[in-house]
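Order-wise, the sequence lines are chains A and B. Quick note, my numbering runs 54 ahead of the 1-based positions in the first sequence. Quick note, my numbering runs 41 ahead of the 1-based positions in the second sequence.
These are computed hints drawn from the structure, not numbers from a lab. Model, not experiment: these values are computed from the prediction. Treat the hints with caution; some may be incorrect.
Facing chain A, from chain B, some residues (calculated, C-beta under 10 angstroms) [unchecked claim]:
1) Gly65
2) Val142
3) Tyr149
Taking lysine to aspartate or glutamate pairs in the EDC-like style, the calculated list, with each CA pair at most 20 angstroms apart, reads [claimed, not checked]:
4) Lys374/A <-> Glu114/B
5) Lys79/B <-> Glu131/A
6) Lys71/A <-> Asp45/B
7) Lys71/A <-> Glu60/A
8) Lys374/A <-> Asp112/B
9) Lys96/B <-> Glu131/A
10) Lys153/B <-> Glu90/A
11) Lys120/A <-> Glu90/A
12) Lys167/A <-> Glu90/A
13) Lys96/B <-> Glu84/B
14) Lys167/A <-> Glu60/A
15) Lys152/B <-> Glu128/A
16) Lys79/B <-> Glu128/A
17) Lys120/A <-> Glu241/A
18) Lys79/B <-> Glu90/A
19) Lys126/B <-> Asp244/A
20) Lys126/B <-> Glu241/A
21) Lys71/A <-> Glu128/A
22) Lys167/A <-> Glu114/B
23) Lys79/B <-> Glu125/A
All C-beta atoms in this analysis are idealised placements derived from N, C-alpha and C, irrespective of residue type, glycine included.
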Amino acid sequence: MGTSSEPLILTAIILAKVAVVLLVFLTSVAYAVWLERKVVAHIQSRWGPYLVGPHGLLQPVADGLKFLFKEDIEPREVDRLIYYLAPFVAFTMAFASIAVIPFGESITILGHKINFEITSLNVGLLFILAVTSLGVYGIALAGWSSNSKFPLFGGLRSSAQMISYELSLGLALVGVVLISGSLNLREIVDQQQGLWNIVRQPLGFLLYISAAIAETNRTPFDLPEAESELVGGFHTEYSSYKFAMFFIAEYANIFTVSCLATLMFFGGWHGPVFGPHLLRAFLPVLWFGLKVFCFVFAYIWIRGTLPRFRYDQLMSFGWKFLLPLALANVLITSFVVAWRAS
Amino acid sequence: MIQDYLPILIHMVIVVVLALALMGLSSWVGVRRPTREKNAPYECGIPPVGNAREKFSISFYLVGMLFILFDVEVAFLFPWAVVYKSLKWFGFIEMFIFVGVLFAGYIYIWKKGALDWSR
Numbered sequence: 055m056g057t058s059s060e061p062l063i064l065t066a067i068i069l070a071k072v073a074v075v076l077l078v079f080l081t082s083v084a085y086a087v088w089l090e091r092k093v094v095a096h097i098q099s100r101w102g103p104y105l106v107g108p109h110g111l112l113q114p115v116a117d118g119l120k121f122l123f124k125e126d127i128e129p130r131e132v133d134r135l136i137y138y139l140a141p142f143v144a145f146t147m148a149f150a151s152i153a154v155i156p157f158g159e160s161i162t163i164l165g166h167k168i169n170f171e172i173t174s175l176n177v178g179l180l181f182i183l184a185v186t187s188l189g190v191y192g193i194a195l196a197g198w199s200s201n202s203k204f205p206l207f208g209g210l211r212s213s214a215q216m217i218s219y220e221l222s223l224g225l226a227l228v229g230v231v232l233i234s235g236s237l238n239l240r241e242i243v244d245q246q247q248g249l250w251n252i253v254r255q256p257l258g259f260l261l262y263i264s265a266a267i268a269e270t271n272r273t274p275f276d277l278p279e280a281e282s283e284l285v286g287g288f289h290t291e292y293s294s295y296k297f298a299m300f301f302i303a304e305y306a307n308i309f310t311v312s313c314l315a316t317l318m319f320f321g322g323w324h325g326p327v328f329g330p331h332l333l334r335a336f337l338p339v340l341w342f343g344l345k346v347f348c349f350v351f352a353y354i355w356i357r358g359t360l361p362r363f364r365y366d367q368l369m370s371f372g373w374k375f376l377l378p379l380a381l382a383n384v385l386i387t388s389f390v391v392a393w394r395a396s
Numbered sequence: 042m043i044q045d046y047l048p049i050l051i052h053m054v055i056v057v058v059l060a061l062a063l064m065g066l067s068s069w070v071g072v073r074r075p076t077r078e079k080n081a082p083y084e085c086g087i088p089p090v091g092n093a094r095e096k097f098s099i100s101f102y103l104v105g106m107l108f109i110l111f112d113v114e115v116a117f118l119f120p121w122a123v124v125y126k127s128l129k130w131f132g133f134i135e136m137f138i139f140v141g142v143l144f145a146g147y148i149y150i151w152k153k154g155a156l157d158w159s160r
């Protein structure tokens with residue numbers, strides 16, 4: 055400690071962590087698309103992608119390359135600055151939130167204790183909520199700047215839906231914060247040693263997962279992309295990598311809400327840990343990954359199963375059902391916590 | 042404290058560079074053969090009619106306003122929840138009154154029909 059090379063080593067550790075997390079995250083996002091196409095195909099008695107590589111496993115690579123070589127169309131009379139800014143905002147905001155997600159305990163390499171996360175904030179949960187709500191700008195701006203009717207309607211619908219369900223999303227998480235008394239994600243996970251929060255907050259979890267599916271614009275709340283009414287929704291006028299970035303952002307958001315669900319309600323990386331030092335360090339990461347995978351799979355399963363809401367049903371479900379229920383959950387939880395504390 | 046945020050800065054710089062690289066590369070590598078029809082706003086194959094930036098339903102503004110009201114409430118609930126265990130019953134009664142006032146407003150906007158989309 056105190057040597058002149060210390061800041062350099064710390065910076066190197068941060069850079070290495072960011073590189074590894076981004077690489078794993080991008081790969082997971084790419085393969086979530088493959089998984090979705092495969093699972094939905096099998097639900098509908100089709101094969102899904104199977105030509106590129108074994109079981110179509112190289113499909114994400116092929117898609118990525120194809121996006122790169124596609125024509126970059128810029129429609130007439132678009133608001134150029136905002137038009138190019140929108141996918142950029144959606145992409146960067148979707149990737150910002152993974153910076154505070156812890157995915158394991160820690161490992162000691164050459165005397166340096168390395169936590170399995172990019173950084174630990176005492177307001178980690180607030181950071182994620184703040185950054186994910188900024189993602190709505192990407193969608194609203196894309197719809198507005200495209201100078202086309204379908205993107206405008208898609209963008210409006212999508213923004214209204216996302217801000218409506220954000221309330222229930224935030225309120226559902228207040229219950230967990232009441233129990234743990236912390237906004238630090240690592241502390242929240244540590245307190246679930248032995249008993250996961252899903253047991254203490256079953257209603258909170260159901261509210262959270264419903265709101266989260268709506269937040270990420272997924273079936274049965276995928277109104278923004280209701281193909282039969284709105285063509286492609288807010289990204290109708292986007293092509294090549296500009297479109298791909300919206301696409302990546304959507305799947306990245308699915309991972310973010312799945313990670314948050316795992317951390318807040320399913321004990322994060324807690325699970326049976328055994329074996330030598332290295333295995334002890336990486337088994338929690340494996341448990342965390344497995345739990346997140348279950349959520350992503352459930353997302354796809356729901357998409358393959360449920361039909362789409364009508365827009366007025368969607369809005370009244372959010373405002374008249376989820377919101378009062380989430381408020382009631384907060385009041386009940388606070389009552390129980392105060393009763394047990396006194 | 043503040044150095045906890047440094048990794049986020051590094052992370053964001055890398056993400057921004059990645060985003061710019063992807064967008065730049067695709068517009069550099071991809072072909073560009075713009076035609077008048079191709080660059081027209083999409084309208085299911087027929088020539089576009091009028092400007093897209095038209096009037097739209099007032100309900101969207103209403104949702105936006107209601108969202109701000111209730112989101113401020115949620116923002117108040119988070120710090121309250123963090124210190125709740127030391128406030129105990131005092132905190133419960135305080136927040137019960139706060140949520141009660143907002144709930145009265147909620148009933149009011151419901152009765153006024155602000156939450157009915159298809160009106």
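Status of each hint after checking the structure:
no.: 1; hint: Gly65; result: 9 angstroms, holds
no.: 2; hint: Val142; result: 12 angstroms, violated
no.: 3; hint: Tyr149; result: 13 angstroms, violated
no.: 4; hint: Lys374/A <-> Glu114/B; result: 17 angstroms, holds
no.: 5; hint: Lys79/B <-> Glu131/A; result: 13 angstroms, holds
no.: 6; hint: Lys71/A <-> Asp45/B; result: 14 angstroms, holds
no.: 7; hint: Lys71/A <-> Glu60/A; result: 17 angstroms, holds
no.: 8; hint: Lys374/A <-> Asp112/B; result: 16 angstroms, holds
no.: 9; hint: Lys96/B <-> Glu131/A; result: 18 angstroms, holds
no.: 10; hint: Lys153/B <-> Glu90/A; result: 42 angstroms, violated
no.: 11; hint: Lys120/A <-> Glu90/A; result: 19 angstroms, holds
no.: 12; hint: Lys167/A <-> Glu90/A; result: 37 angstroms, violated
no.: 13; hint: Lys96/B <-> Glu84/B; result: 18 angstroms, holds
no.: 14; hint: Lys167/A <-> Glu60/A; result: 13 angstroms, holds
no.: 15; hint: Lys152/B <-> Glu128/A; result: 46 angstroms, violated
no.: 16; hint: Lys79/B <-> Glu128/A; result: 9 angstroms, holds
no.: 17; hint: Lys120/A <-> Glu241/A; result: 43 angstroms, violated
no.: 18; hint: Lys79/B <-> Glu90/A; result: 31 angstroms, violated
no.: 19; hint: Lys126/B <-> Asp244/A; result: 17 angstroms, holds
no.: 20; hint: Lys126/B <-> Glu241/A; result: 15 angstroms, holds
no.: 21; hint: Lys71/A <-> Glu128/A; result: 37 angstroms, violated
no.: 22; hint: Lys167/A <-> Glu114/B; result: 39 angstroms, violated
no.: 23; hint: Lys79/B <-> Glu125/A; result: 11 angstroms, holds
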